[in-house]
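Residues per chain are reported as follows:
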Amino acid sequence: MWELLQKTDWLLTTADILLIAFIIYQLLQLLRESTALRILHILPLVIIGYLLTRLTGLVTSALLLDNLLTSMLLILAVIFQYDIRRALLSFSRGRITVKGGSEEDSSGSDLVIQQLVDAAHALSERRNGALIVIQREMSLEHFMEVGTQIDAKVTSELLTSIFLPYSPIHDGAVIIQNGKLTQAGCFLPLTQNPDVAKELGTRHRAAIGLTELVDALVIVVSEETGSVSVVSGGRMTSDLEAAGLKKLLRRMVEPRWLQ
Amino acid sequence: MNLKRILTNNIEMKLLSILLAATLWLFIAFEAVDEVEIPLSVSYVNTPAGLAVKAIPESGRLIRVEGPRILLLRQKLKGVPLRLDLAGAGEGAVVFSEVESFVKLVQGVRLVKLSPVKVELHR
Chain A
227 MWELLQKTDW LLTTADILLI AFIIYQLLQL LRESTALRIL HILPLVIIGY
277 LLTRLTGLVT SALLLDNLLT SMLLILAVIF QYDIRRALLS FSRGRITVKG
327 GSEEDSSGSD LVIQQLVDAA HALSERRNGA LIVIQREMSL EHFMEVGTQI
377 DAKVTSELLT SIFLPYSPIH DGAVIIQNGK LTQAGCFLPL TQNPDVAKEL
427 GTRHRAAIGL TELVDALVIV VSEETGSVSV VSGGRMTSDL EAAGLKKLLR
477 RMVEPRWLQ
Chain B
650 MNLKRILTNN IEMKLLSILL AATLWLFIAF EAVDEVEIPL SVSYVNTPAG
700 LAVKAIPESG RLIRVEGPRI LLLRQKLKGV PLRLDLAGAG EGAVVFSEVE
750 SFVKLVQGVR LVKLSPVKVE LHR
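Just so you know, the sequences run in chain order A and B. Read in order, the letters of the first sequence correspond to residues 227 to 485 in this note's numbering. Read in order, the letters of the second sequence correspond to residues 650 to 772 in this note's numbering.
Because the hints were derived from the structure by calculation, they are not lab data. Mixed in with the good hints, there may be bad ones.
[Unchecked claim] Chain A side only, calculated, beta carbon under 7 angstroms to chain B, not exhaustive:
1) 238
2) 241
3) 246
4) 251
5) 254
6) 270
7) 278
8) 280
9) 281
10) 284
[Claimed, not checked] Far from chain A, by Cβ distances over 12 angstroms, these chain B residues were calculated:
11) 661
12) 665
13) 667
14) 673
15) 677
16) 737
17) 744
18) 750
19) 755
[To be verified] Just the calculated beta-carbon pair ranges, DEER-fashion:
20) A:292 / B:761: 20 to 30 angstroms
21) B:696 / A:242: 44 to 54 angstroms
22) A:267 / B:711: 39 to 49 angstroms
23) B:711 / A:294: 50 to 60 angstroms
24) B:760 / A:283: 17 to 27 angstroms
25) B:652 / A:290: 20 to 30 angstroms
26) B:651 / A:465: 32 to 42 angstroms
Everything numeric in this text was worked out from a predicted model, so none of it was measured. Every residue, glycine too, gets a C-beta built ideally from N, C-alpha and C.
Turn these sequences into a full structure, and let the hints guide you.
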């Protein structure tokens, strides 16, 4: 051990470790918000455990940990599959050149946002639960297999009528793509994050679950309290008034996503 | 943003990254193949009465081995004992010609050079 320490060029080694730490940190940044991140905490323990078993000659344990470390890359790829997909998509998204929207574009998107705000306000007053998904960069085709195809202009009246309690499709989510209401009654994946507040219902969990996987933005109206929330990237902004919701939507939804 | 804020921002993830990088470095450093010399400790068993064995000079007792550093470290901690059985040694010379067969190495460690190659005892 001492010889190894003596042989080591400390300046180079420190630079080496810091460079690797920087790369790992950047990767962890892409995977932030993920509960699977906790699994990485045990990786140093497995490596140290493996070295100790090799040092002490615990053959069976060393063999077991050796095999575990060999397949670790595959295991991590399976565990982090959603995060890797999201990270790669967000990476490629960052390279897309965003052209400045024309005034016409922004007025068109403003109209859609106004309809969404009116619908959320009306649903909130009636205490009708609602789940409205706005597609941004990433496709939502995968979540549209179940549901009813609509293809209609986004209007407050249509949205409120879909979420009326006696409507056959009121339980699912509606999806808005390129400024059009394309699907209703869709089922979204629920979040598996144990840190999500227990008092949150299925609608909120579905909104968080979907936004953990894709970059969509979800408006949730609580059936119990009537509160309006916006969920993006697994994070929720709750108790929004009409003005706050409008401001948030204008900030988070680019006009080109509503065209 | 000052340096302190840059360093302390998201400190848990930064520490985890350094810990992961350090353990990866340790893993690679200890798994790298190296070559070391270890002193050979020669001992004699069943020495016949009246026989005195003149010790082999320390400079002449050396073993050179190669393998992953972690196993070399284990070998060093364990030492390399060379036990020569003198039972039945009578008049004349007793020769241990293949000394390496008496040396027990940790699995995964390979012998590169051994000195002495042969041990000869005269009475």
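Here's how the hints hold up against the structure:
1. 238: Check failed: Cβ of residue 238 (chain A) comes no nearer than 11 angstroms to chain B, outside 7 angstroms.
2. 241: 11 angstroms, violated
3. 246: 4 angstroms, holds
4. 251: Constraint on residue 251 (chain A) satisfied, holds at 4 angstroms.
5. 254: OK, holds: residue 254 (chain A) within 7 angstroms of chain B, min 5 angstroms.
6. 270: At about 4 angstroms, which falls below the 7 angstroms cut-off, the nearest Cβ of chain B leaves the hint on residue 270 (chain A) intact, so it holds.
7. 278: 9 angstroms, violated
8. 280: With Cβ-Cβ at 5 angstroms, under 7 angstroms, it holds.
9. 281: 5 angstroms, holds
10. 284: Result: violated, 11 angstroms to nearest chain B Cβ.
11. 661: It is violated; residue 661 (chain B) is separated from chain A by about 10 angstroms at its closest Cβ, not greater than 12 angstroms.
12. 665: 7 angstroms, violated
13. 667: Residue 667 (chain B) not clear of chain A: closest Cβ-Cβ about 5 angstroms, inside 12 angstroms.
14. 673: Per Cβ check, residue 673 (chain B) is inside 12 angstroms of chain A; nearest 6 angstroms; violated.
15. 677: 10 angstroms, violated
16. 737: 34 angstroms, holds
17. 744: For residue 744 (chain B), whose nearest Cβ neighbour in chain A is about 33 angstroms away, the distance exceeds 12 angstroms, so it holds.
18. 750: 22 angstroms, holds
19. 755: Violated, since 7 angstroms does not exceed 12 angstroms.
20. A:292 / B:761: 20 to 30 angstroms: 25 angstroms, holds
21. B:696 / A:242: 44 to 54 angstroms: 53 angstroms, holds
22. A:267 / B:711: 39 to 49 angstroms: 44 angstroms, holds
23. B:711 / A:294: 50 to 60 angstroms: About 38 angstroms separates the Cβ atoms of residue 711 (chain B) and residue 294 (chain A), which means 50 to 60 angstroms is violated.
24. B:760 / A:283: 17 to 27 angstroms: Roughly 18 angstroms apart at Cβ, these two residues keep to the hinted range, so it holds.
25. B:652 / A:290: 20 to 30 angstroms: Cβ of residue 652 (chain B) to Cβ of residue 290 (chain A): about 44 angstroms, so the range 20 to 30 angstroms is violated.
26. B:651 / A:465: 32 to 42 angstroms: 35 angstroms, holds
Of the numbered hints listed earlier, those contradicted by the structure are 1, 2, 7, 10, 11, 12, 13, 14, 15, 19, 23 and 25.
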